[in-house]
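Two chains, each in its own frame: build the complex with the hints.
From first to last, the protein sequence lines are chains A and B.
Using our numbering, the first residue of the first sequence is number 156, and each one after it goes up by one.
Using our numbering, the first residue of the second sequence is number 50, and each one after it goes up by one.
Hints were generated in silico from the structure; no laboratory data involved.
Honestly, I wouldn't trust all of these hints.
[What the hints assert, rightly or not] Below, in silico cross-link-like pairs of lysine to aspartate or glutamate (EDC-like), each with a Cα-Cα straight-line distance of 20 Å or less:
id	chain 1	residue 1	chain 2	residue 2
1	B	111	B	135
2	A	572	A	847
3	A	618	A	628
4	A	739	A	847
5	A	951	B	269
6	A	951	B	378
[As the list claims (entries may be wrong)] Restraint-style ranges between C-beta atoms, simulated for each label pair:
id	chain 1	residue 1	chain 2	residue 2	range
7	A	765	B	218	44 to 52 Å
8	B	281	A	532	34 to 42 Å
9	A	701	B	483	51 to 59 Å
10	A	709	B	485	51 to 59 Å
11	A	586	B	281	53 to 61 Å
12	A	701	B	482	46 to 54 Å
13	A	712	B	218	31 to 39 Å
Note that CB positions come from ideal geometry on N, CA and C, so glycine has one too.
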Amino acid sequence: MVRKYWHQTPLLILALALPIAAQTVTISPTTATVNLDATRQFTRSVTGNANTNVTWAVNGITGGNSTVGTISTSGLYTPPATLPPNPGSIKVRAISVVNVTRFAEANVSLQNPTPTITAIEPADLNIGNTTLIVRGTKYFAGATILLQNAAVATQFISSTELRASVSLPNAQQYCVIVQNPAPTAPNSAQRCFTVRAAITVSTSPTTATVRGGATRLFTATVRNTNTTGVQWMVNGVVGGSPTTGTIASDGTFTAPMNIAAVNGSVKVGARSVKNNAAFGESTVTLQNPVPTISSVNPTAIPLGNANFVINGNGFAPGATVNVGGVPMTATVNSLTQISVSGVTKATPGGITAITVSNPAPGPTTSAPLIANITPANPKVSYLAAKRFLEQATWGASPTEIFRVMQLGFDAWLTEQKNLTNSNYSMPTPNGDIPVSDMQAEFFSNAMNAPDQLRQRVAFSLHKIMVVSAVEIEDTHYLVPYHRVLLSNSLGNLRTLLKEMTLDVAMGEYLDMVNNNKADPAKGLEPNENYAREVMQLFTLGTTFLRADGSPLRDPNGVPYSAYTEEDVIQLSKVFTGWTYPPGKGTGSNNQNKRNYGAPMVAVESNHDTGAKRVLGRNIAPGQTTMMDLDSALQILFEHPNIAPFYSLRLIQSHVTSNPSAAYLMRVNAAFNNNGQGVRGDLFAVMRAILLDPEARAGDNPSTPNPFASFAGHLREPILAFLHVLKGLEGTIVLDNPVQADLERMGQKLFYPGSVFSYFSPLTRAPGNPGLYGPEYQGFTPVTALERVNYIDYLLKLDANAEAKPNAAPYIALAGDVEALIAAIDAHFLNGTMPDPLKQGIRDTLATTTDPTRRARLALYLALSSAHYQIQK
Amino acid sequence: MSIFKLNISRRALLRKSIATASLGYFGVLDALAQAGDYKALVCVFLFGGNDANNMIVPMGVKYNDYSRVRGPATGLAQNVLLPIMDRGEAYGFHPQLPRIQQLYNQGKAAAMLNVGPLIRPITKTQYRQNQAVPSNLYSHSDQQQAWQQASTSGVRSGWGGRTADAMQPSNTGSLLPMSVSTSGGALYTVGQVTGPAIINGGNGLGLSGSDGSATANARDAAFQQVINFQSGLTLVQAANRTINNGMQVGKVLNGVLTGPSGITTAFPQNGLGNQLAQVARIIRSRQTLGVSRQIFFVSTGGYDNHDGLLAAHQGLLTGLNAALSAFYDATIELGMENAVTTFTESDFNRTFGPNGNNGTDHAWGSHQLMMGGAVNGGRMYGTFPNLAIQGPDDVGNRGLWLPTTSVEQYGATMSSWFGVNSAQLDAVFPNLINFPTRNLGFMK
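Okay, chain B solo, but in the shape it has when bound (with noise of 0.2 Å):
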C-alpha cells in the first residue's frame, strides 16, 4: 500500500460532481468580501506519511549523528543537500526541494520541527508509562485523522472546520462554504457547524449525473422548468428558490472552475499541481464568490515509503516542490503572496532507522513546511530531535521521535494569524490548554 486516504464518506470520494454540505446557512445577500482583507490556509496533505528526517537534514557535526544510521543506502550526501541556516546551525533541505530553499531563504518559508498529534506535553518515561500518550499511534488511518482533526480522538470534526465554524460571520452572504477540498470530504474541512465545498474533477455544485447526454440534459432540463413553475403552492416555491440559488451558486464556481484561468503561472501537470490550480482560480474569484476567508484542503499521496525510499521520496518531492513553487507564483501573481498561507501536514513521520528493504516505518513526531509571505520565514520552529536511536527523543529504538511541538499548536498559531480569537481559539483546539506556548510565533 502506498496510497492511504481518509476514509470519512468513502462515497463522497466517488462522486463525480461537487458535493457541499453546511449545518449553518449561507445567506443570500449579495455582501462583497471587503477588498484587502482575505486570507487563505491551504493544507497540503502528504498521504502515507512523509519522510520528514529526509527532507531536513542535520549538516555540519550533527550530519555524522545522521550518517551514522541512515547511510547510504536510505541517507542523502551531505553534499547535495541544498544548505539553510536555522538558528545560527546548518541544515539541508532535500536536493528536490530547491524552490523551498529559495523561499526559506527570502524569508518566506519556514519549517516546523518534530511536530505531531499529543494531548498534552509528555516526557519518554511518560509514553513508557502510557500517560496521555495519543491512541492508535503509528496507524495510518488514525493518524491521518489525527492531524486533521487537531483534538481530542473521536471528535468528528477537523481543525479546519472548526476554524472555518469560527470565521463564519466574515463571508456572511456568501454562498459558497468556507471550506474547499478538492480531496473529498475530507475531515479537516468538516466543522460543527460548516461543511466543506468538494471539488473534483473541476465540476463545481450542481446536479449530480449530468454528464452532457441527451437524456441527462432533458433530465436537467425538466428538473429546471419544475423548479422555475409558479405552483402557488407556498412552502414549495420557498423550496425552490432555495435550490435555485444552489443552482446558481453552482454556476458562479462553475465559471470559476472551467475556462480560462486567467492566470498564466503554469502549474506542474500533476495530482497536486491540479488541485493547487484550482485553489488559486477560487482565490482569484474570491469577491466574485463573496468571500474574505477560505480554507482549503489539497492532497497527494504516495509517501509510505517502505521501501527504496530515496528513489520513490525524490519523485515525491520534486513534484511537491514544483507545485507549491507554481502556487506560491500564482499568488504573487494575484497580489495575494500575503494573504495565502500554505502549509503539509501528513500522517507521521518515519521511522529515522530503516528496514531491511532500504525503506522507513511508521513513527511520530515529523517537520513540516510553511509558506507564505505571512509566515516568518527563513528559520524553523521548534526543536530538532535527538537523532540518537534510543536517545532522549526516541520512543521506540528506531528513532520514533516524541514530537515536541503538537498539532494543535501548530494549527492554532495558522488559525490565529486567520483571525480566531483567543477564546474560540480553545474551542476550535480544546487541547491548546494544556500546552505551555498558545503561538509558535511563526506567522506574521
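Just chain A, same shape as in the assembly (with noise of 0.2 Å):
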C-alpha cells in the first residue's frame, strides 16, 4: 500500500523515536456480527509504545481479500461479496507495526443481509398456478420465498429478482416474505398481492339475427383482470373468414352473403389477451342478404320468351325474379348471378322494374332496377304504335301497342279488316232491352272486342249519320241501326249510304217511312226531311268544296251551295214510297204497321215515278222506288263533295281537327280510288288517314313536327274514358255509373242531342276561330272540371268502383320517381311531357313516400292534364 497521506509520516517517526517498551494492542470490538452489506469499523488501541501503528489482516491476511472480506489501514472492515467458507470466523487482527507479535484480535461472524421486496409479478394474478416473480434487493443465492409463510421452491435469479412456480387456489390477498439463506439477517417485510377469481369474458349480444352482407356491432365484458384485450373470432377462427364472415379488432361482424355455406348460424366469439382459456361468445343467426341488382344483360329485356341474366349480389339459393309484376323462373347461379327465363309482359313506355326476391330466413327483395323491355326486331317504335293506336281503337294497351311494334301497321290494319265485328243484342220481340244494355255492350266491345278499328270507325260514322235515342229508344230499331254501321264501317260507304237509308230507325228518325208521293188532290208533298239531311248532314254539307276541302267562292267571296231547294224537293220526290217492313199487317195506303227487323220496304204506288234532276244529273222517270234510291244514292255517292265530307270528317274524328289541304287531299284520293279502281271504300279511307306523314308526324318526338303547334283534337268524353282506361289496361264490371258520369262530362252515349250530333264538325276552337275544334262543342267550365275529377275518381283505385284501372306497373315504379315519370310520359304523353308537369309531378311526389299514392298522383296530373286530354 502507498501511504501518501502527510499525517502519516509524524506517526512513523513518532514510532521510530520510542524505545522498544512492553507492548499491548487491544481491538475493539472484540466480537462483531457484519451483514455482507454492511462495514464495521474497528479501533485498535496500542500501548506501551510510542508507536501505536498497526497493520490490519483479515484471517491473517495483511488487508484482507475478496474472499475473506478487506479491511483498511484505519480499520473499516468490509465483508466479502459473498459469505465465505465459514463466515463465522473470520478474524480481523490489529498488529503492531513495532513488535509484530503484539496484536489484537476480532471475531467476525458474517451473515446474509435482510432482503427487501420491491415488486411481486405479474401484478394482476388470478387463481391458478403461476410463476411469481419476486423483485426486491440483496437476494443471495439460496433465498426463499416464503408465500403465506411456507417456503415455496426458489429459483434465484439475481440479487434482485426471485422466481417460484406457485399455487394460487383461492381468490383472496397472498403475502410472500424473502429469506436469504443464513446465516442471515432477519426476512423481508412481507408484500402482499390480490389473487381474483379465474378470468371470464362475455359477448353481448349473446343472440344476433345478421343478414348477410350486414355488419353487428358486439361487445366483450372481460371479468377479474386487468387486462380487458380480446381477440375476436368467428367459429374460433380469429378475424374470421369471408365464409364464415369476418369481424374486425372493434367487434365489428360482417356476415358473409352466402348463408346456406355455414348453414345459416355462425359463433362470434372473444378470447381474452391474458388468458386463452377465457372466451365468450355469441350465436349469430344469418338472414339472407338483401339482394342488390347491379344489371341485366341483354340490357333490354325481350317481350314475350325471355331469357337473361341478373348480376349483382347477394342472390340467395331459391331466389325468385319479378318483371314488372310478373314471376319469371330464376336458376340462381351464384351469389352475384341469376339466369331468368319466362314470359315477359308489356309495360307502359317499356319501362319495367326487376326485382329480386330471397327467400327465407329473412325474406326480401331488391330496390328495382328499372329496365326496358321491348319486343324483337320492332318494325315500328313504342310510340308510333301507341300514337297509332289512339288514332285507330278504343286505346292503346301496352300489350297491344308492343304487337303493332312487331305486327307493323300495315298488317295489324289487314288484321283488323279480316276479324268478325263485335255487335249488339237484338231484343226478341216481346223482349225488351233497354238502351242502358245497349251501352253496356258498347262498353264491353270497346274494352274487350279485338275489332277495335271497326268499332272506332263506325263510332265516327254514327256521329255523321245520326240516329239518336233521344227519338228512337226502342232498341228493337236502335239495335239494327248500329248494327248497320258495325257491318260497313271497314266497307263501302256507297253500300252504308244504300242500308242507312233504308234502315228502319233512320226512316223514323228522318221520316222517310211511309213518305208518300205527293197527293196533289189533298196538297200533300213528299217529306223532304231525309232528303235535305242526307245531303247537308251525310254526304255534301251545305257549300260546294274544292278538291282541298275549302268552299269553292263566287267572286264575291261567297261559297256556292252544294244543293239548291229545287234538289232537295227533286230528292224527296225520290225518296217517296218506302214504308215498315212486312209482318205486322197493313194499314192504309197499302203502308205496312210499324215494325222493325229489315230494311223498309218499297210500296210502288207510293212512289213518285216521274222524271227528277238531282244535283245536275237526271233520273230517268218510270224507275221503281229501288232503282230511283239507287239512282239518287249515286249521284250523291259520286259528288265530288263527298271525299273531302267524309275525310274530313274521319280525320277529325281519329287525328286532328285541323289536317292540312295535302293532308285532306291525299286522303280524298284514297276515297275516289282505293288503288284498285273502286270509290268509297272505307277501309282504304281509314288506312290513308292513319298512315298518312301528317298522322304519323310526332312519331319520334325528336324530329320537329311541323303540325305541332295545332296538332291533334280534344278527346270527347267517351273516347278519353276508354283511352285512359284501356290505356291503363283497366276493366269495367258496371257500365251504368259509368254512362252517369260521362253524361256530367257532356256526352251520353247514343243519345246526341238531334241529327246535329254529340257536336259539331264545324265548331271552332274557343279562342281560336282559325281552328276547328268541334269536341270543344261540349267542353264547357263544368264539364271539363267534370272530367278532371272523374279522373280523380278512377285513381282512387276503389276495388268496388265499376270501372277499375290497373296501376300496378306504375305503382312498381313508383320508387323512382323519374322512371314513373318517363313511363307516363312514353305512354300518355307521347315523350312530350312539359316540364312544368314533370316538374309538378316532383314536386306532388315529394310529399309522399307510400307507392300506390305516388303513382295515382302522377297519373293523376299527367292525365287531367290538357295536355293529355287533347289527343296529339
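If you want it as C-alpha cells, here you go:
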C-alpha cells in the first residue's frame, strides 16, 4: 500500500523514536456480526510504545481479500460479496508494526443481509398456478420465497429477482416474504398481493340475427383482470373468414353473403388476450342478404319468351325474380348471378322494374332495377304504335302497343279488316233491351272485343249519320241502326249509304218511312226531311267544296251552295214509297204497320215515278222505288264533295281537328280510288288517314313536327274515358255509373242531342276561330272539371269501382320518380311531357313515399292535364 | 227503412265536392243578372212519403170522417190542430206547423190538395181497368222519380231540369248552371240540355280530393301550374282556358258558400236548415253569379213512418216548420220573398187507414205546401179527398187517394210563373196537354 497521507509521517517518525517497550494491542470490538452489505469500523489501541501503528489483517491476510473481506488501514472492515466458507470465524487482527508479535484480534461473524421486496409480478393475478416473480434487493443465492409463510421452491435469478412456481388456488390476498440463506439477517418484510378469481369473457348480444352482408357490432366484457383486451373470432378463427363472415378488432361483425355455406349460423367469439382459456361467444343467426341488382344482360329484355341474366350480389339459393309484376323462372347461378327465363309482359313505355326476392330466412326484395322491355325486331317504335292505336282504336294498352310494334301498321290493319265484327244484342220481339244495356255492350266491346278499328270507325260514322236514342229509344229499332254501322264501317260507303237510307230507325228519325208521293188532291207534298239531311249531314255539306276541302266561292267570295232547294224537292220525290218491313199487317195506302227487323220495303204505288233532276243529273222517269233510290244515292256518292266531306270528318274524329289541305287531298285520293279502282272504300280511307305522314308526324319526338302547334284533337268524353281505361289496362264491371259520369262530362252515348250529332265538326276552337275544335262544343268550364274530377275518381283505384284501372305497373315504378315520369310520358304524353308537368309531379310526389299514392298522383296530374286530353 | 233517396247516381251522392254537369255551354260573357228580374224555385223533397193526411186535417163536421178512421193512435185531436179556412171550410194544420199556418193566414202560403202522378185524369173505374195508370205506384224509388220527372216514366230528366232548359237564355253569361242541388244529382234538376251544380258539404266547384293535406296542396299547385303554362300548343291552351274558367267559377261559388253568410236570419241546425241556408247564400249572391233564374233542390228524409207515426211525424214537421220559417225570413231579409217560391214534394201520401203498428203505409195522392210572396196564399187548391174508406176517392180499401190534380199541373203552374211560355210548357210537361187546367192559379 502506498502511504501518501502526510499526517502518517509524523506517526512513523514517532514510532521510530520511541524505545521498544512492553507493548499491548487491543481491538474493539472484539466480536462483531457483520451483514454482508455493511462495514464495520474497528479501532485498536496500542500501548507501551510510542509507535502505535498497526497493520490490519483478516484471517491473517494483511488488508484481507475478497474472500474474507477487506480491512482498511484505518480499521474499516468490508465484508466479502458472499459468505466465505466459514463465515462465523473471520478474524480481524490489528498487529503492531513495532512488534509484530503484538496484536489484537476480533472475531467477526458474517451473515446475509435482510432482503427487500419491491415488486411482485405478475401484478394482475388470477387463481391457478403461476410463476411468481419477486423483485427486490439483497437476494442471495439460496434465498427462499415464503408464500403465506411457507417456503416454496425458489429460483434465484439475481440479487434483485427471485422466482417460484406457485399454486394460488383461492381468490384472496396472498403475502410473500424473502428469506436469505443462513447465516442471515432477518427476513424481508412481507409483501401482499391480490389474487382474483378466474378471468371470464362474455359477449353481447348473446344472440343476434344478421343479414348476409350486413354488420353488427359485438362487445366483450372481461372480468377479474385489468387486462380487458380480447381477440375476436368467428367460428374459432381469429378475425373470421369470408366464408364465416369477418370480424374486426373492434367487434364489428360482417355477415357472409352466402349463409348456406355455414348452415345459416355462426359463432362470434372473444377470448381474453391475457388468458386464452377465458372465452365468450354469441350465436349469430344469419338471414339472407338484401339482394342488389347491378345490371341485366341483355340490357333490353325481350318481350315474351325471354332469357336474360341478372348480375348483382346477395342472390340466395331459391331467389325469385319479378319483371314488371310478372314472376319469372330464376336459376341462381351464384351469389352474384341469376339466369332468368319466362314470359315478359308489355309494360307502359316499355319501362319495367326488375326485382330479386330472396327466400327465408329473412325473405326480402331488392330495390328495383329499371329496365326496358322491347319486342324483338320491332317494325315501329313504341310511341309510333301507341299514337297509331289511339288514332285507330278505343285505346292503347301496352300489350296491344307491343303487338303493333311487332306486326307493323299494315299487317295490323289487314288483321283488323278481317276480324269478325262485334255486335249489339237484338231484343226478342216481346222482349225489351233498354238502351242502357246497349251502352253496356258498347263499353264491353270497346274494352274487350278485338275489332277495334271497326268499332271506332262505326262510332265515327254514327256521329255523321245520326239516329239519336232521344227519339228512337226502342232498341228493336236502335240495335239494327248500330249494326248497319258496325257491319259497314270498313266496307264501302255506297253500301252503307243505302243500308242506312233504308234503315227503319233512320226512316223514323228523318221521316222517310211512309213518305208518299205527292197527293195533289189533298195538297200534300213528299216529306223533305231525309232528302235535306242526307245531303247536308250525310254526304255533301252545305257548301260546294274544292278538292282541298275549302269552299268554292264565287267572285264575291260567297261560297257556292252544294245543293239548292229544288234539289231537296227533287230528292224528296226520290225517297217516296218506302214503308216498314212487312209482318205486322197493312194499314192505309198499302203501308205496313210499324215494324222492325229488316230494311224498309217499297210500295210502288206510293212512289213518285216521274222524272227527277238531282244535283244536275237526271233520274229517268218510270223507275222503281229502289231504282230511283239507287240512282239518287249514286249521284250523291259520285259528287265531288263527298270525298272531302268524309275525309275531313274521319280525320277529325281520329287524328286532328285541323288537317292540312295536302293531308285532306291525299285521303280524298284514297276515297276516290282505293288502288283497285274502287271508290268509297272506307278501309282504304282509314288506312290513308292513319298512315299519312301528317298523322305519323309526332311518332318521333326528336323529329321536328311542323303540325305540333295545332296538332290533334280534344278527346270527346267517351274517347277520353276509354283511352284512359284501356291505356291503364283496366276493366269495366258496371257500366251504368260510367254512363252517368260521361253524361256529366257532356256526352251521353247514343243520345246525341239531334241529327246535328254530339257536336258539329265545324265547331271552332275557343279563342281560335281559325281552327276547328269540334269536341270543344261540349267542353264547358263545368264539364271540363267533371273530367278532371272523374280522373281523380278513377285513380282512387277503389276496389268496388265500376271502372277499374290497373295501376300496378306504375306502382312498381313509384320508388323511382323519374322512371315513373318516363313511363307515363312515353305511354300517355308522346314523350313530350312539358317541364312544368314533370316538375309538378316531382313536387307532388316529394310529399309522399307511398307507392300507390305516388302512382295515383302522377297519373292524375298527367291524365287530367290538357296535354293528355288533347290527343296529339 | 226510413230514409229513401233517389239513386240516380249512387256515387254522385258520395262525392265530397261539388260536381256539376251540363250539356250546354255556359258562356264566359260578363252578363249581369238584371236586377229586379230574379226568380227562384225551391223544391223541398220529403223522402219516404209524407203522411199528408195528418198534415192537413178537416175540422168541424168532417173531422169525424177523419177521427173515425185515424183514431187517437194515429190521428190528431181536433183541439190541437192549427185552424185555417179554405173556401168556407175549416181545416187544421198539423200542430207543429205554426209558421205555415201564420204564412197561410197572411196569404203567403197555400196547399195543393190530393196531387200525384197522373198520365191523364182517370176515374176509379179506369184505375181498376188499368187504363193510364202510372207505373209502379206505391214504390219509393219509382214515385220519387215520378214526382221529380213530372213526365212519362222512363224519361231521364226532371221538370226542374227541363224548366232550366227552357229558361236557359235568362242566365246567358253565367258560369253557374241554373239548377243547383244540395242533394246529389237529383233527377229533378237534370234537364235534357242542362244539368245541376251539385253542392255537398259546402264545397264549391273545384278539384275533388283537395283535402288540404300537404300532398293535395302540392297536387293542386302542380295542376294550376300546368294550366298556366303557355305551351304554345293551341288546342291545349284552349282547353286550359276552359278548365281555368271552371276553377274561377268555383272560387266565386266557394266565396258564396263559405265565410260569413251576410244573412242574419238564424237557420235551424238540421239537414234541411243547412241546405236552405246554402240556398239563401246563393240567392244573396245572385248578381255576383250572374243569374236571374235559379232552381234549387233540397231534401230531407225519414217520412216512411210505417210505425209510430204520431211521434215520428211530430219531430219531422217540427224540423220542416223551423227550416221553412227560417228560409222565408231569410228571403224577407234579402228582399226576395216575392221572387222565391218554395214548395214540397214527396214520394206519395200514406194510407189513410192505419196499420197494426200505429203507422201508415204507401199510398198515392197527397197534399203539398207552397210558400212565398208570389203564391196566392191563404187558401188551398184542388179538391180535398172524400175520406171514406173504399169511397169514391179510394182506389184501394185503406184510403189510397186517386189524385185529382197531376204533378205536371202542379209543376206547370210554377214553371209558368218562373217564365216558361205556354209553347215550351208542353215540352217541359209532356202530359200537361191531357189535363183541362194548365194553370192551377196558385201563383200570382
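Cross-check of the supplied hints:
{"no.": "1", "hint": "B:111 - B:135", "result": "holds (13 Å)"}
{"no.": "2", "hint": "A:572 - A:847", "result": "holds (18 Å)"}
{"no.": "3", "hint": "A:618 - A:628", "result": "holds (17 Å)"}
{"no.": "4", "hint": "A:739 - A:847", "result": "violated (50 Å)"}
{"no.": "5", "hint": "A:951 - B:269", "result": "holds (16 Å)"}
{"no.": "6", "hint": "A:951 - B:378", "result": "violated (43 Å)"}
{"no.": "7", "hint": "A:765 - B:218: 44 to 52 Å", "result": "holds (45 Å)"}
{"no.": "8", "hint": "B:281 - A:532: 34 to 42 Å", "result": "holds (37 Å)"}
{"no.": "9", "hint": "A:701 - B:483: 51 to 59 Å", "result": "holds (54 Å)"}
{"no.": "10", "hint": "A:709 - B:485: 51 to 59 Å", "result": "holds (57 Å)"}
{"no.": "11", "hint": "A:586 - B:281: 53 to 61 Å", "result": "holds (55 Å)"}
{"no.": "12", "hint": "A:701 - B:482: 46 to 54 Å", "result": "holds (50 Å)"}
{"no.": "13", "hint": "A:712 - B:218: 31 to 39 Å", "result": "holds (33 Å)"}
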